[in-house]
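4 protein chains.
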Amino acid sequence: MTDPQRVAVVGATGYAGFELARLLLRHPQIEKPTFFLRDTSAHVKCLAELFPQLRGMGDAPCRPFTVQAVAASGARVVFLATPHEVSLELAPQVLDAGLRVVDLSGAFRFREPDTFSAWYKLPAPARELLEQAVYGLPELYAEALPSARLVANPGCYPTSVILGLRPLVDAGWLARERGIVCDCKSGASGAGKEPRRELHFVEVDENFRAYNLFTHRHTPEITDHLGLGLAEIIFTTHLLPVARGILSTLYVWLERPRKSSEVETLFRDFYAGRPMVRLWPAGRLPELQHVAHTNFCDIGFVLDPSGERLVVVSCLDNLGKGAAGQAVQNLNRMLGIEEAAALL
Amino acid sequence: MTDPQRVAVVGATGYAGFELARLLLRHPQIEKPTFFLRDTSAHVKCLAELFPQLRGMGDAPCRPFTVQAVAASGARVVFLATPHEVSLELAPQVLDAGLRVVDLSGAFRFREPDTFSAWYKLPAPARELLEQAVYGLPELYAEALPSARLVANPGCYPTSVILGLRPLVDAGWLARERGIVCDCKSGASGAGKEPRRELHFVEVDENFRAYNLFTHRHTPEITDHLGLGLAEIIFTTHLLPVARGILSTLYVWLERPRKSSEVETLFRDFYAGRPMVRLWPAGRLPELQHVAHTNFCDIGFVLDPSGERLVVVSCLDNLGKGAAGQAVQNLNRMLGIEEAAALL
Amino acid sequence: MTDPQRVAVVGATGYAGFELARLLLRHPQIEKPTFFLRDTSAHVKCLAELFPQLRGMGDAPCRPFTVQAVAASGARVVFLATPHEVSLELAPQVLDAGLRVVDLSGAFRFREPDTFSAWYKLPAPARELLEQAVYGLPELYAEALPSARLVANPGCYPTSVILGLRPLVDAGWLARERGIVCDCKSGASGAGKEPRRELHFVEVDENFRAYNLFTHRHTPEITDHLGLGLAEIIFTTHLLPVARGILSTLYVWLERPRKSSEVETLFRDFYAGRPMVRLWPAGRLPELQHVAHTNFCDIGFVLDPSGERLVVVSCLDNLGKGAAGQAVQNLNRMLGIEEAAALL
Amino acid sequence: MTDPQRVAVVGATGYAGFELARLLLRHPQIEKPTFFLRDTSAHVKCLAELFPQLRGMGDAPCRPFTVQAVAASGARVVFLATPHEVSLELAPQVLDAGLRVVDLSGAFRFREPDTFSAWYKLPAPARELLEQAVYGLPELYAEALPSARLVANPGCYPTSVILGLRPLVDAGWLARERGIVCDCKSGASGAGKEPRRELHFVEVDENFRAYNLFTHRHTPEITDHLGLGLAEIIFTTHLLPVARGILSTLYVWLERPRKSSEVETLFRDFYAGRPMVRLWPAGRLPELQHVAHTNFCDIGFVLDPSGERLVVVSCLDNLGKGAAGQAVQNLNRMLGIEEAAALL
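Chains as they are written, first to last, in our numbering: chain A, 16 to 359; chain B, 16 to 359; chain C, 16 to 359; chain D, 16 to 359.
So here's chain A without its partners, still in its complex pose (with noise of 0.2 Å):
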């Protein structure tokens, strides 16, 4: 039989992979996870050959991926750390076995099958597995993960700002003819591991640039799960000089003046019994170093004087809340642990 503590991993190579061995390997209530690799070329045994930084952290085996072998680990959960058209093949044959997954990238994220391959130019997930997908913003939809057998782990900009919209779109506060700007930025972790020219460390340092304007793959993901249109909404994607974390600036226009003391009883109340999101004072704003290395999305918000301006500034670390401590929070709510339990 299999332990029920037993997770493993699909193709930690990459960032947010490592963030995600760093996090089970300290997880009090996981046993051992197990790490599988496709490109087995290179013969890795062992996670910390490609992550110094996880020598002395517990034992991280490597193992050539196989479904079967992934099974036989006694894994009950599986993670997927892998590009958009590796989970779009692997996630259906892992499910198949009757493993739970939960996937990173993009490939289950959208209500519509056609959504995703219009905006990632790859094939469309089968509808069936789309319709008991779960996207995994706990916050969002906690009661469906404990039973959830696939969750979309969300990206690292959506969940940014989801989080800081959501609670104004669900009471109907906005005025949403005047539209939304969110103008957002990040840290280059987010763009992947891979060398590219501009991702130099010359290229970045002491620099600043907006990119993928009217284009990010991340647009349809944040209207989806607001419930709102492509046109009410403007979302921008500038790279910070920094390593981790993403901080998002969010205009938007209130359909009538509202006190700050009434946008605070709505967040909070919104947010209420949600360990990982941490509300500000109304006119005091978090800072990207607040939730650098945490699994907290930091939110806060400035209204001026007219009350009909409101600016919601929403902040979070793309490896942490962004990618691997989200997986990790969803795993949490999957088994019915901890909500917080290895993220603090």
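Mixed in with the good hints, there may be bad ones.
Some chain D residues flagged as far from chain C (calculated, every beta-carbon gap over 12 Å) [as the list claims (entries may be wrong)]: (1) 41; (2) 127; (3) 206; (4) 296.
Selected chain A positions facing chain D (Cβ under 10 Å, derived; list incomplete) [as the list claims (entries may be wrong)]: (5) 30; (6) 208; (7) 209; (8) 216; (9) 257.
If you anchor each label on the Cβ, the simulated ranges turn out as follows [to be verified]: (10) A:132 to B:270: 31 to 37 Å; (11) C:274 to A:132: 29 to 35 Å; (12) C:319 to B:58: 47 to 53 Å.
FYI, nobody ran anything at the bench for these hints, they're computed from the structure.
Just so it is clear, the structure is predicted and the values come from calculations on it, not from any experiment.
The beta-carbon is built from N, C-alpha and C at its ideal position, and this holds for glycine as well.
Chain A is already provided as a structure; the job is to place chains B, C and D on it using the hints.
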């Protein structure tokens, strides 16, 4: 008889003052800048004692400031690199001595005296001074500079925002009732040289934060020179973990759909013959590194497919085009020298 | 009766204090740390008011410091995260109240009282205190810690240098008459939190400089615990543009040629069973990132082909193994808890 | 007849090439630099297509490289900003066409052909070429430059180390049997522009590491031009998380005690009349920021109280005095132009 190529600088002890000194020392048409310090307790004889970077770059003699000493130095143009309240006091005295002034503070940038006093919590400047003051943005007010006696050198953020939006405002293309969002990010040298907790290396490094929302003193300077009301614009500022540079992401809605080529033409026509504004082709955006250590303001834009939502990105070096470089550009215009002298 | 798992921290207002709080709050065997502040003018009730990063990480109550209040808190071990002169005054009082002390200052690190007073320009500590003080480097003095009443937590540079050289010194392998060169580089958090001109972001960013040559107060701490004379070592320190971390490049000449495998064996034997020292195979060197945000000291070396010139590289996180992490490691040893508890 | 102020640059596609272009474009005595690219597949017409920073700075035409085309351009001096193996091939061809060459690669820096082939794993250059090549360190070989046909522009590390030590070596002050330790640190632009895993922003940011111990190719260049044996020097290199700059900490033992004033005088006399070396008074040390974006080499020192242990700190911008700036300084000397032209 005074020599037209002689200039003086009062108060060159901060980052902008250093940059101004560096530019003047290499200016081929400026014979001999003299630096006047107000706090003479340090008995500084040469600016290189304050800025070792200036050693070997030329003679930069320092003297205690008095209006008489400045007048006796043979300078015809005097730069005030002094705090707002000091400029407020000194500018009239220096003007009365028959010298021309380029003031780098905020004291003389507004049309109405009350605007300054309300936002800076300082006494209002004399209305007569404001009436003769030229706002030193050479791309807009080039023809007023040759005869200007008092030039108010613009703020760093306003330079970036005004240059990015003015062609659109002047053309009447904006759906102004939709509002304008100016999400601006600056390096830390813009906050000055005084040691403060929030400017400690450890507090800025690997960090990013918004500050002074709805209260930044550059707000009325922007609206004043764009001819907008305060309610038409949301202007936010953020601190980047870089030393130099401002990048402003400007969100506007157009009153009717436009093509990218139309926007491109609008900007090209507006900035024709302006050597310090560099325009990017539609869809390509400037970066902070392109303008760091230069006097350029680089402007690019992306128009969304609907043709109605336009994002303009404007960037510059806050010590260059945002302060000292612009001051030298103003000097060049005032003296009839080639506009880009010492600035390439 | 007091609870053995209760601890107190005095003066947790700096960077090391923050890190100590963070580690104690997640320590599975520590029930409830209480934080005592000496300057009570701020009426801080909770440490998260000083460090927003700590919000949501557990209850961190703050109280005004008195020896009586600390004793009444039920703490058995008290961390002094206080300036040297304050530790000098408080440690005897806290010890007299029957509590054990881990002092993070430099006050009790030397064998001779005069060494401290000469290098720190402060009164000498009592000789009896120095005689009972244990230098809190668990890799060297593990057996003394369980019964220690006063632990002098080492300096950040000395931890790095001593761990890198002690195996060679103890083995008598060094040609000591040739001298030892310790070229050490530290991140800016090692210089403390107080705003100072030379720690302003703009002054540290994109910069690098040596400081305190031949005068650094960590010099006698290094020679004391290596058993060397001051003339046998050149110790230099440099400021890196990073927040955290120390990397020491250590140059020694061997008294006779050795093979890399011999050096490797020497270090492996010396650090056998020490979970917080990670050794690298010959020719591979650790990097700052490998140890940032950890309590590890990583050590590697390269031997030149002659076998007589050896370069050892030792690195650690100055707030982790160089300060707060080491303090917790000492605590664990003092309480008989697993040495790495809360540190992985 | 060719115009003496015309120059050409071959291969300006890397960081040093960009800096060279920037300097030549603002050089008051250079009329019109032409840029020749070897890989013509990109059909680049203007260097600003590769380096947007150059837009608006002057005409920088690009043409496909052939020796004939270079000769026809009217250039008298040709800069080779090409890889070692390419310079090895092109330099003789360009010389044969009657043009003078400043080569920025390592191909012609050594006295012995074998030294190059052994350390660079490439064919040896012709001995006749090495015999006529001038090592382009103007502070040492100024008189050879006006008539030089082939100038080997020095490496960045060697420039810093040689300038810091040569006065001491020439004076015979060193206890050479004690050895010399050169602990050098460089910014990431020194490693070139090609994307590589270890130069990814995330791998360099907040990191620091030593590399190439006992194997760095600049080692024999240093010993060659200091007249030392390889066994007399330990030269180590480290990667700093900055874009530009090298700081070398140089440890020497003197053969008899000296006073600081003697050391100061030695250096002052040695570098009298050298505008690009800036000396610091005894006990004060230069920093990376002092030299970034300049062509200066700044040198300071601290002598320990015994008068026998001396630490010299030498720093420069690796793209300035360490590469492109020095190349222009050599050009100035070759053409009889003021040495600092375009470099202040």
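Open item on the list: The output says residue 41 of chain D does not contact chain C. Does that hold with a beta carbon cutoff of 12 Å?
Closed with: holds, 22 Å
Open item on the list: Between the beta carbons of residue 319 of chain C and residue 58 of chain B, is the distance compatible with 47 to 53 Å?
Closed with: Since the Cβ atoms of residue 319 of chain C and residue 58 of chain B sit about 51 Å apart, the hinted range of 47 to 53 Å holds.
Open item on the list: The hint names residue 30 of chain A as touching chain D; please verify it with the least Cβ-Cβ distance against 10 Å.
Closed with: holds, 7 Å
Task: Assertion that residue 206 of chain D lies outside the chain C interface [Cβ separation over 12 Å] - done: holds, 15 Å
Task: Beyond 12 Å from every chain C Cβ - status for residue 296 of chain D - done: holds, 14 Å
- [ ] Have a go at the residue 208 of chain A hint: is there a Cβ in chain D nearer than 10 Å to its own Cβ?
- [x] Holds. Min distance 7 Å.
Task: Hint validity - residue 216 of chain A Cβ closer than 10 Å to any chain D Cβ - done: holds, 4 Å
TODO: Using 10 Å as the Cβ threshold, decide whether residue 209 of chain A counts as touching chain D.
DONE: holds, 8 Å
TODO: Evaluate the given range 31 to 37 Å for the C-beta pair formed by residue 132 of chain A and residue 270 of chain B.
DONE: For residue 270 of chain B against residue 132 of chain A, whose Cβ atoms are near 36 Å apart, the range 31 to 37 Å holds.
TODO: Grab the minimum C-beta distance from residue 257 of chain A to chain D and call the hint holds if it beats 10 Å, violated otherwise.
DONE: holds, 7 Å
Open item on the list: A cut-off of 12 Å on Cβ-Cβ distance, and residue 127 of chain D was said to be off the interface with chain C. Does that hold?
Closed with: The claim holds: residue 127 of chain D sits with its nearest Cβ about 20 Å from chain C, beyond 12 Å.
- [ ] Given the range 29 to 35 Å, decide if the beta-carbon distance of residue 274 of chain C to residue 132 of chain A lies inside it.
- [x] violated, 60 Å
Against the hints set out earlier in the document, a violation occurs for number 11 only.
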